[in-house]
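**Q** Sequence:
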Amino acid sequence: MECPNCHKSGNVLKRIFSRRGGSKTRFCIYCNAEVNLIYNWNKIFLLIAAIIVVLIVLNIVLQSVGWPGITGGFAGGLAGAVIAVYMRKPPFLKVELVSKQKKKRRN
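Those letters in the sequence shown? Residues 146 to 252, by our numbering.
Think of the hints as simulated: they come from the structure by calculation, not from any bench.
Don't be surprised by glycine CBs; every beta carbon is placed ideally from N, CA and C.
One thing to keep in mind: the hints can contain errors.
Stated by the list, open to error - Here are the simulated EDC-like pairs of lysine to aspartate or glutamate, each with C-alpha atoms no more than 16 angstroms apart in a straight line:
| hint | residue 1 | residue 2 |
| --- | --- | --- |
| 1 | K169 | E179 |
| 2 | K239 | E179 |
| 3 | K159 | E147 |
| 4 | K245 | E179 |
| 5 | K153 | E241 |
| 6 | K245 | E147 |
| 7 | K239 | E147 |
| 8 | K169 | E241 |
| 9 | K234 | E147 |
| 10 | K153 | E179 |
Stated by the list, open to error - Here are the simulated distance ranges between beta carbons:
| hint | residue 1 | residue 2 | range |
| --- | --- | --- | --- |
| 11 | K169 | F190 | 18 to 28 angstroms |
| 12 | F190 | G217 | 16 to 26 angstroms |
| 13 | S209 | E241 | 42 to 52 angstroms |
| 14 | R160 | G214 | 34 to 44 angstroms |
| 15 | K159 | V199 | 22 to 32 angstroms |
| 16 | G218 | I183 | 30 to 40 angstroms |
| 17 | E241 | P213 | 38 to 48 angstroms |
Can you make the complete structure from the sequences, with help from the hints?
**A** Printed below as a string of structure tokens:
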């Protein structure tokens, strides 16, 4: 994710937008700009379906070769990790700037 105001970005482990109080919007930790995160759920559901199909095909291929296949826990963990990483990328998430911060914030 990248802030539309200051153009700083985070990684998978570091989120740059935090929620304050009971508001539905989030704030950038660097420039204090107010943003709204809009998820494209149709594309996320297509991503989930594609990951499930790939895991089923992989399991069938492994079993046809004679190997034991993929366990449910490993497949679920792998699918969850891939979905969590990819759903924060630009095709699946839109970051909308609600309001800029008037004064600069020093870190």
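**Q** Are the hints correct? Go through all of them and say.
**A** Going through the hints against the structure:
A distance of roughly 10 angstroms separates the Cα atoms of K169 and E179; the hinted pair therefore holds under the 16 angstroms criterion. For the proposed pair K239 and E179, the alpha carbon gap of about 14 angstroms is at most 16 angstroms, so the pair holds. Between K159 and E147 the CA atoms are separated by roughly 12 angstroms; this keeps the pair inside 16 angstroms, and the hint holds. Simply put, K245 and E179 have alpha-carbon atoms about 6 angstroms apart, close enough for the 16 angstroms limit, and the pair holds.
The hinted pair formed by K153 and E241 meets the criterion: a straight-line CA distance of about 15 angstroms does not exceed 16 angstroms. Between K245 and E147 the alpha-carbon distance is near 15 angstroms, which keeps this suggested pair within the 16 angstroms criterion. Using a Cα cut-off of 16 angstroms, the hinted pair K239 and E147 holds, with the two alpha carbons roughly 10 angstroms apart. Between the alpha carbons of K169 and E241 the distance comes to roughly 13 angstroms, so the proposed pair stays at or under 16 angstroms and holds.
Between K234 and E147 the alpha-carbon distance is near 10 angstroms, which keeps this suggested pair within the 16 angstroms criterion. This hinted pair checks out: K153 and E179 have alpha carbons roughly 14 angstroms apart, not beyond 16 angstroms. Between K169 and F190 the beta carbons are some 22 angstroms apart, a value that agrees with the proposed interval 18 to 28 angstroms. A C-beta distance of roughly 21 angstroms is found between F190 and G217, which places it inside the suggested range of 16 to 26 angstroms.
Distance hint for S209 and E241: a CB-CB separation of about 47 angstroms, consistent with the stated range 42 to 52 angstroms. For the pair R160 and G214, the supplied restraint of 34 to 44 angstroms holds, since their beta-carbon distance comes to about 35 angstroms. As the Cβ distance of K159 to V199 is approximately 28 angstroms, the hint placing it in 22 to 32 angstroms holds. Taking the beta carbon of each, G218 and I183 are about 33 angstroms apart, inside 30 to 40 angstroms as hinted.
Checked against the hint of 38 to 48 angstroms, the pair E241 and P213 passes, with Cβ atoms roughly 47 angstroms apart.
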